[in-house]
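Colleague: What follows is each chain in one-letter form.
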Amino acid sequence: MIEVLRRFGRTGLRFFERLGRGNIFFLHVLAGVPALVLRPTLVIAQTWSVGVRSLIITVVSGTFVGMVLGLQGYNTLVDFGAEESLGVVVALSLVRELGPVVSALLFAGRAGSALTAEIGLMKATEQLDGMEMMAVDPLRRVVAPRFMAGVISMPLLAAMFSAVGVLGGYFVGVGLLGVDEGAFWSQMQSKVDVYEDILNGVIKSLVFGVVVTWIAVFEGYDTVPTSEGVSAATTRTVVHSSLAVLGLDFVLTALMFN
Amino acid sequence: MTRPKPLVAVKDLNFRRGDRLIFDGVDIEIQRGKITAIMGPSGTGKTTLLKLIAGQLRPDAGFVSVDGLEVHSLSREQLFLLRRRMGMLFQSGALLTDLDVFENVAFPVREHTDLTESMIRNLVLMKLEAVGLRGASHLYPRELSGGMARRVALARAIALDPMMVMYDEPFSGQDPISMGVLVQLIHRLNDALNLTSIIVSHDVPETASIADYIYVLSEGKVVGEGTPEELGRSRSEWVMQFMHGLADGPVPFHYPAPEFFDDLMAEPLR
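Residue numbers (the numbering used here), protein chains in the order written: chain A, 1 to 258; chain B, 1 to 270.
Derived by calculation from the structure, the hints in this document are not laboratory data.
Any given hint could be a false lead.
[To be verified] The list that follows gives simulated cross-link-like pairs (lysine to aspartate or glutamate, EDC-like), each with its CA atoms no further than 20 Å apart:
| no. | chain 1 | residue 1 | chain 2 | residue 2 |
| --- | --- | --- | --- | --- |
| 1 | B | Lys51 | A | Asp129 |
| 2 | B | Lys51 | A | Asp137 |
| 3 | B | Lys221 | B | Asp67 |
| 4 | B | Lys11 | B | Glu77 |
| 5 | B | Lys51 | A | Glu126 |
| 6 | B | Lys34 | B | Glu237 |
| 7 | B | Lys51 | A | Asp249 |
| 8 | B | Lys11 | B | Asp98 |
| 9 | B | Lys11 | B | Glu206 |
| 10 | B | Lys221 | B | Asp12 |
| 11 | B | Lys34 | B | Asp60 |
| 12 | B | Lys11 | B | Glu29 |
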């Protein structure tokens with residue numbers, strides 16, 4: 001009994017210790033962000049590998065999600081004779097929910113895991129130690145540009161996801177199932193609000209971008225510097241950031257669309 | 001005889017990792033312009049000692065001073081300023097894998113100076129020439145052999161003309177030719193650039209051939225010190241076992257175990 005309690009306490013302590021370290025790490029990284037203004041090339045290079053290289057998976061998934069939405073939405077709406085509203089259903093589901101959430105999950109799997117593995121391997125091969133010995137702060141030189149790149153990329157990827165998703169829904173709804181084209185677009189135009197829907201979606205994806213990238217770079221930086229350590233950290237990145245995205249999505253939705 | 005003021009002074013150093021005492025009152029002095037070797041069996045914390053000198057780790061007691069500055073009382077900015085004057089050669093080379101050889105050597109120069117591109121180019125080529133790898137400047141670290149990687153790392157370590165270079169196991173895992181090259185290089189660079197070198201190693205003949213002074217560490221203490229000749233004549237059992245590579249001595253051949261006979265007769269536990 002005592003042993004169970006003790007183990008519980010130890011796990012709890014470890015959890016909070018790590019949480020604290022993660023927060024201190026976050027503050028250090030933030031402190032390194034302003035200096036990046038002087039060296040934009042660092043951020044641009046990382047935005048390429050974090051953002052642009054996640055584009056294909058995002059666009060392909062977005063198209064299919066939009067097509068499925070078109071199909072499912074039509075089947076439901078047609079029972080009520082409301083299939084002209086398909087455009088609204090597709091657009092709102094994408095902009096408010098699926099765009100930010102699904103693209104963040106994809107981002108965690110594609111870019112987050114890559115960030116953790118890259119930084120973790122740099123630690124395991126003493127590259128980060130080597131930088132410190134050359135009086136270069138790896139938090140500023142390695143972590144901060146990657147963090148910034150993630151935060152910049154995420155909302156753009158989510159926007160891309162929603163945009164191609166709407167096109168996918170249009171293709172299925174209007175192209176294949178015969179929904180009236182004018183109704184599809186005009187209802188969408190009148191019912192989707194710039195602030196209420198689109199801006200809130202962008203805020204969501206910004207928050208997800210911060211959280212996913214933070215988890216990814218922290219797991220990489222905090223990894224046990226061995227090959228097992230790096231692979232475990234990569235797995236943790238995907239699991240933790242996916243859970244964080246889904247949990248935060250509920251909180252943000254409750255705050256925004258109440 | 002009074003000695004000149006050392007560049008690095010380690011006084012009464014204590015350091016523990018978890019429950020294990022790594023250093024227990026270690027005193028070491030590194031003289032300017034000399035090659036000083038820290039030797040000892042694997043696992044005696046030789047690398048840890050370099051990290052303590054560079055301020056990457058904090059001692060539990062005692063102090064380390066480099067060029068008159070107490071390393072562990074410096075602020076992070078002051079420590080980074082001091083480190084610009086120290087070079088360190090990691091065992092793995094620790095080259096940045098996403099940069100080619102040229103950019104690896106240029107890295108500290110780009111980070112710490114505002115030199116023009118043509119000056120950086122000249123500087124980097126000079127350093128690469130010094131280690132004999134100017135022709136390899138376009139290669140990536142994955143294309144280098146272990147010995148070449150260490151030479152590139154050495155060129156990078158001296159890129160900013162430091163006052164001292166610390167070598168972490170520079171000879172381990174090298175074939176005889178690259179070992180010879182590295183021995184030569186360390187010796188030549190130390191004299192040509194007026195460096196102070198600290199070599200951490202357990203390769204006795206190579207290290208003894210270029211070191212001016214050697215400290216032998218074991219189980220957290222300095223068990224012997226002196227010039228290579230003095231240590232070769234030493235009567236201390238520790239030093240003799242280490243310098244001559246004897247299988248048994250104060251460092252036992254057997255890991256601590258119960259009596260062999262009892263162990264054979266005992267019931268299997270699982």
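Colleague: State for each hint whether it applies.
Modeller: Against the structure, the hints:
1. Lys51/B x Asp129/A: 10 Å, holds
2. Lys51/B x Asp137/A: Judged against 20 Å, a Cα distance of about 16 Å means the pair holds.
3. Lys221/B x Asp67/B: 24 Å, violated
4. Lys11/B x Glu77/B: Cα-Cα ~24 Å, so violated.
5. Lys51/B x Glu126/A: It holds: about 12 Å lies between the C-alpha atoms, which stays within 20 Å.
6. Lys34/B x Glu237/B: 27 Å, violated
7. Lys51/B x Asp249/A: Violated - the C-alpha atoms of Asp249/A and Lys51/B are around 44 Å apart, more than 20 Å.
8. Lys11/B x Asp98/B: 40 Å, violated
9. Lys11/B x Glu206/B: 28 Å, violated
10. Lys221/B x Asp12/B: Holds, at about 10 Å.
11. Lys34/B x Asp60/B: Not satisfied, since the Cα-Cα distance of roughly 28 Å exceeds 20 Å.
12. Lys11/B x Glu29/B: Between Lys11/B and Glu29/B the Cα gap is close to 8 Å, so the pair holds against 20 Å.
Checked against the numbered hints given earlier, this structure breaks hints 3, 4, 6, 7, 8, 9 and 11; the rest are met.
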